[in-house]
Amino acid sequence: MKKQNKKENDARFEVRLSGSGGQGLIFAGVLLSEAVGVYGGKNVTQTQSYGPEARGGASRSDVVISEGTIYYPKAMELDLLMALTQEACDKYYADLKEDGILIVDSTYVRLVPTDRAYCLEFTRAARRVAGTPVVTNVVALGALSAITGIVDINNLEKVVLGRAPRGTEDKNKAALHEGYRMGQELLKQREAEKAVT
Amino acid sequence: MSTASTIVYNYLRSKKKFPHVWCPGCGIGIVMGALLRSMADLEIDKNNVVMVSGIGCTGRMPVYCDFNTLHTTHGRAIAFATGVKIAKPNMKVIAVVGDGDGLAIGGNHFIHAARRNIDITTILVNNRIYGMTGGQYSPTTPWQKIGSTAPHGNVEHPFDICDLAKGSGATYFARGTVYHATQLQVLIKAALQKKGFSVVECISNCHTLYGRLNREGSAVKMIQWMKENAINAKVAEKKSPEEIEGKILTGELWNIERPEYTEQYERLIERLGGKPPAEEKPEEKEEAVTQ
Amino acid sequence: MAEDNIKLMQGNEACAYGALAAGVTFFGGYPITPSTEIAEILSREMPKNGGRFIQMEDEIASMAAIIGASVAGAKSMTATSGPGFSLMQENLGYAYMTEVPCVVVDVQRGGPSTGLPTKVAQADTMQAKWGTHGDFFPIVLAASTIEDTYHMTIKAFNLAEKYRTPVTLLLDEVLGHMREKIRIPDSSEVEIVNRIKPTVPPEWYQHFELTATHVSPMANYGEGYRFHMTGLTHDPSGFPTAKPAEIKEKLDKLKSKIMQNADDICAYSEEFLDDAHIVVIAYGITARAAQQAVRIARQRRFKVGLFQPITIWPFPEKRLRKILENADLAIVAELNQGQLIHEVRKIAKTKTRVVGTFRYDGELMTPMQIVDKIKEAHR
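Residue numbers (my numbering), protein chains in the order written: chain A, 1454 to 1650; chain B, 3 to 293; chain C, 7 to 385.
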């Protein structure tokens, strides 16, 4: 019994997608949850902050992923923090586990609290591949998939195509794969660096 | 044409529920009589009628009438009636309200039902006072008249119910008095036939409270006053403003056509391909047995 | 590959689809955060199935309309939050008195008054029990997961129809807005209960007939029965009465209908109680923090279990009384300043110490708050 309990706790993987209101973080949380839960077969809960915070200030969407039952639905100690703004990075970094993963959008996050962070220019990439920063959230999800492996890129693609507003499917798909490519490249680079040291 | 005795037999819970609670001489009974006679004229199946009321002297009317009757909370008759009508759009739904019940606590429901133009016939008995609670002033108590909570004279001004109904979107408004019982019957009959939110304001007497507080005399005297001061709107058209000053305009004052709510909603259901849920299913009988 | 019936849903969505599965045919409501998605979804879906949705002018009218619709034969519901629930109370009392089946969903937010429209609380627990005036015995359910919300909405309709009474389903802001995976059952898997219909001819029909179960068969308007309903205290035929014996009989009927059927109505869930000296009692969304907390505490060798009332009213006191016989400590966790704890105190014997751990700052209680309370109170 006890072993099983331990497993249940350890099996939780807690993600926070954060940035400012209007960056589509709740939507990104929904996409991630659906890809992991409905298509990936895992259990998942997604919560968010509402209210004035969600209209311009720091905004966030939490996703808890587990093979087992998820009891407490909100994040307790983050395994992964994705920060699209400096404010969000500063505010939520303290909630990240010691060995947790930090991914930031280096278009806006200049002061990174750890050198282990994965820094990628999501907003700039969104402008480059889709001509609009609106799909920054989707670029970030693609990178998240490549870096962490918690969500299958194919499942993400299904969900993104299913939920994207009509007429924006191509842009969203391009954004997702660009993010994935950027993530993979960064991983390779890191491994190369590791090999050198 | 039904005789008085067949109306009593057909439409009143005559064996069970009498004597009624109203004071001797009260006009509400005359309104009830006019309503029942107009129903008899139209040969409406009483199984298909829902009569809804709120709280107050007028609110007691449904208990005496042999329809599907719903005596609800104070002011909410029209809101309950809205639910009934939407659930069973083919039923004839009548809301019977008083002036305090229908226009003060229930004023919001009155204007919104009018705005929706939902097919409810509202019989509004206006005796210008809260009778059941003891003579407090209501939204139709005239300026400077006395109520038990306006002992120095009313400093508020009354609603013009016709303007209120018109302005809110009702498609039919008529006014009658309990002296003109036959005219009242004709007006209610027309309101019952109108598809839409229709209102008949019935000027009634509360001699027990309003009459006594304002020294307007007995029931007979108050009804006599109605006879002398009511003027048919068509006749009034030909008179000068001075001649109709202070008179009660009676008759049909407003009658227009506008799409009715439940018809519009049925159309919406049709457009979306929805089928109304089957009404009484035989499985439900089985349910009753297994329980 | 995803199965078609596995969906990611918000609590409010699950409530709306649960209502559709239960066969809702009438919804009357008024917009209020955090319940609005329920009305939005039903306004879209109900007319497609021939159901009818209306946005009323306020919550008073909403409650009135769902009662009117139910008497006319609809399966009716409304959804609201604290301020609206307050406005509904008078007419909710009318429904208790006139024994009208209907469902009221209260997606709780912080109060009193306007309070915290977008933040969580469980502070309507006692309002759901005592909200309207007079003696009455409500059925109130509290859901804690999205899957629960779906099934308990169906259960609420079934209980309302079975016992001819309003049923309140308590959700909260977090549950209403969070998303979780849910398996939508096939309609053949869903049990639907309908009101018991009269078998007697109209002239024998009594709308409030005294029966062995205290539940009276119910005709609908338009079926030839022409009964009277009034909020005045009434006799079995439905007409007002002033006779002391009939008044008492009516009020006894309202009580017996619920309390004598409490075993059938009451639902709860239990975890790790076999050897527990410490019993955590939590309901609704807080039960999930408690589930996590008892697991953490078990790892730390505390003999702790969880009792989760699913029907909070009637309170499952018979079962809890039995459980507390072996417990030294009961810890009640709620998102308010202590409401259901009074119920636990009432039934706990002197041997069992009852303490509360509360949170009412608009945030969800964390598992660690409960674990800390276990550690602290255990000493």
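Don't take each hint at face value.
As the list claims (entries may be wrong) - Facing chain B, according to a computed beta carbon distance under 8 Å, are these residues of chain C, among others:
id: 1; residue: Ala67
id: 2; residue: Val77
id: 3; residue: Tyr100
id: 4; residue: His234
id: 5; residue: Gly237
id: 6; residue: Asp241
id: 7; residue: His384
Claimed, not checked - Simulated restraints, written as ranges between beta carbons of each label pair:
id: 8; chain 1: C; residue 1: Ala248; chain 2: B; residue 2: Ser150; range: 33 to 39 Å
id: 9; chain 1: C; residue 1: Ala248; chain 2: B; residue 2: Gln146; range: 56 to 62 Å
id: 10; chain 1: C; residue 1: Arg306; chain 2: A; residue 2: Glu1646; range: 57 to 63 Å
Source of the hints: derived by calculation from the structure; they are not laboratory data.
Each residue gets a CB set at the ideal place from its N, CA and C atoms; glycine is no exception.
Legend entry - Unsatisfied constraints (hint numbers, rising): 6, 7, 8, 9 and 10
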